[in-house]
Structure formats: C-alpha cells, structure tokens
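Chains as they are written, first to last, in my numbering: chain C, 1 to 254; chain A, 1 to 56.
Keep in mind that the hints were calculated from the coordinates and are not lab data. In this text the structure is predicted, and so the values were computed from the model without any measurement. Any given hint could be a false lead.
To be verified - Listed next, the in silico EDC-like pairs over lysine to aspartate or glutamate satisfying Cα-Cα at most 16 Å (straight line):
1. C/K90 <-> C/D154
2. C/K119 <-> A/E5
3. A/K26 <-> C/D18
4. C/K90 <-> C/D18
5. C/K119 <-> C/D129
6. C/K119 <-> C/D55
Unchecked claim - One side of the interface only, derived from the structure: several residues of chain C facing chain A at Cβ under 8 Å:
7. I59
8. I89
9. T113
Ideal Cβ placement from N, Cα and C applies to all residues, glycine included.
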Amino acid sequence: MSPLIRWFHQLGSPPTFDRFAARWTPWAYLLGLLTMGIGLYGALFQVPADYQQGDSFRIFYIHVPSAWMSMGIFGLMAVYAAIALIWRIKLCEILAMACAPSGAAFTLITLATGSIWGKPMWGTWWDWDPRLTTQLILLFLYLGVMGLYAAIDDRRNAARAAGLLAIVGVALLPVIRWSVVWWNSLHQGQTIRLLGESQMDTSMIQPLWWMVIGTHLWFVGSLLARARADNLHREAGKDWVGKLAGHASVEQAR
Amino acid sequence: MSYREYVIAAYAVFAVVMLWDYIAPKLQLRAALRTVRQRAARNANRAPATNTELER
Chain C
1 MSPLIRWFHQ
11 LGSPPTFDRF
21 AARWTPWAYL
31 LGLLTMGIGL
41 YGALFQVPAD
51 YQQGDSFRIF
61 YIHVPSAWMS
71 MGIFGLMAVY
81 AAIALIWRIK
91 LCEILAMACA
101 PSGAAFTLIT
111 LATGSIWGKP
121 MWGTWWDWDP
131 RLTTQLILLF
141 LYLGVMGLYA
151 AIDDRRNAAR
161 AAGLLAIVGV
171 ALLPVIRWSV
181 VWWNSLHQGQ
191 TIRLLGESQM
201 DTSMIQPLWW
211 MVIGTHLWFV
221 GSLLARARAD
231 NLHREAGKDW
241 VGKLAGHASV
251 EQAR
Chain A
1 MSYREYVIAA
11 YAVFAVVMLW
21 DYIAPKLQLR
31 AALRTVRQRA
41 ARNANRAPAT
51 NTELER
C-alpha cells in the first residue's frame, strides 16, 4: 500500500482525524484571514471605481467568491455524502454534514450582498429572477440538510438521510450556473471566465483571486472545526475522548 | 466614495456571517467536551454505588 493511501486510511480513524483537525484548523483560519485581508484591502482601496456602477461594484469582491463557495461547497457535500453512502465511511458522513452550515453561510452572504448591491443598481432589494430564486432554493436545501441531520436521533441514519438530500440537490447547481443564459434575467451574465477572456479589466481582477483563495482557506478551517466537534460528539463514550476532555479541562483550569 | 452605505452594509454582513462561522464550531467543540466531562463525572459517581449494592 502506498504511503498516501495508508495516510488516508489512518485519517479515517477518529482519534487520528481529531489530531489532524486540531493541528490544521488554526492555520487554515489564519491563512484564510490573511489572504482575505489582502483581497479586501485591494478591493476597497486599490482598484478604481467602476465607470458605470461607481464604488458599489466593490461589493462584487465579497459577492462573487461567496456565490462560488455556496455552489462549490454543495458539490463537495454531495461528493462526501455519496462516498459515505456507497462505502459507509463515517468520516465522510461527518465531513458532508460539516459542509452544510458553512455553505449556508456563504449562500446567505451571496443573497444579502446581492440584495444590497441590487438596490442602488436595479432599484429593488429583491426580484423573482431565475438566478436569485435558484440561489434562494439553494439556501433552503442547505437548511433542509441541516434540519434533517438535526431531526433524527441516530447520527448515522441522520447523516444518510441528509446526505441523500444533498445528492439529489446537486441537480440545482447547473440550473444556478446557467440560469442567466437559459432565461432572460435581471441578473447580469457571466463576467469572469476561468477559461477565456473575462469581461472585466485586468487591473480589477487581482483582489478577486485573493478573496477566492481566502474564502477557500477559511472554509477548510471551518470544515475541520465543525467536523472535529461532530466527531467528538459521536465518539463521546470512547476512552480517547475522555482523556482529551480531561486534558482540555486541565488546560482551561490553567 | 459613492454608494458608501451600501458598500459598508454589504461588508458588514460578510464580516458578521464570517464571525458566526468562526464562533459556532468553537461553541460546538466546547459543548462536546463538556458533555464528555459530565458523562465521565456521572460514571465516576455511579460506579461506587453499584458496587455497594452488590456487596449487600
């Protein structure tokens, strides 16, 4: 067995995952914060105002990375859920369920910042436009996954039921992605292209990439922290958790 | 800065939600460890009583 595969197998063990998460969570948060700090500085103080939208376009630098995260996290949650259902890997159940609150948070940011941006540009806080409506459905799906996971007492059955909802919900992602193409939409079309030329001046793009990297790193920290908490909750009766809790209480007493 | 209040409101929403995203797992972790400690304390209290009962 190759060392990498062996490492993945070992990571599936709850105590090993706990040590891994405890070690890397602060680093992911810290790097995410620093990277987002660079991005936010560029977004607010370095890039010039848009010739049509003025400074309101600066909302773009939090709106777009959050929107990408909201969809990417849902896809990742579905992948973890599928792995958990097929191979019954407990850690993947935990990771899938840990994705949902962060994904919901980014979806909420997308909707709220889009609404705030829409008021001065479109003259309305909200419109039942295909992009906005599908993004709202995505938030409801996240809340559905979280609610289903919390509603069933048996953690494994709860994760399976919620995971199934996540897998079915993936069908919404292409609808969100192409909603501005398939229907006449108040929401603008695609501005940034990973492949091909973006409809945005290159002087304005750099903070976006910092924000994209920063939100990804932040999400890694959040995912590990949530997964660690759920892992400890599930393993509460085991000796290694008892020792850890004793050690933590001694640390807190100091 | 034009549209200043909208930009501030949007960035404030971002900051508040990110802060929640940071604090919520920390609270979950604390609650999980507290549950484990309470369970350990309960088991420690219960163990001698059971033995006494058996001895009678």
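Outcome of the hint check:
no.: 1; hint: C/K90 <-> C/D154; in the structure: holds (13 Å)
no.: 2; hint: C/K119 <-> A/E5; in the structure: holds (11 Å)
no.: 3; hint: A/K26 <-> C/D18; in the structure: holds (14 Å)
no.: 4; hint: C/K90 <-> C/D18; in the structure: holds (13 Å)
no.: 5; hint: C/K119 <-> C/D129; in the structure: holds (14 Å)
no.: 6; hint: C/K119 <-> C/D55; in the structure: holds (14 Å)
no.: 7; hint: I59; in the structure: holds (4 Å)
no.: 8; hint: I89; in the structure: violated (21 Å)
no.: 9; hint: T113; in the structure: holds (4 Å)
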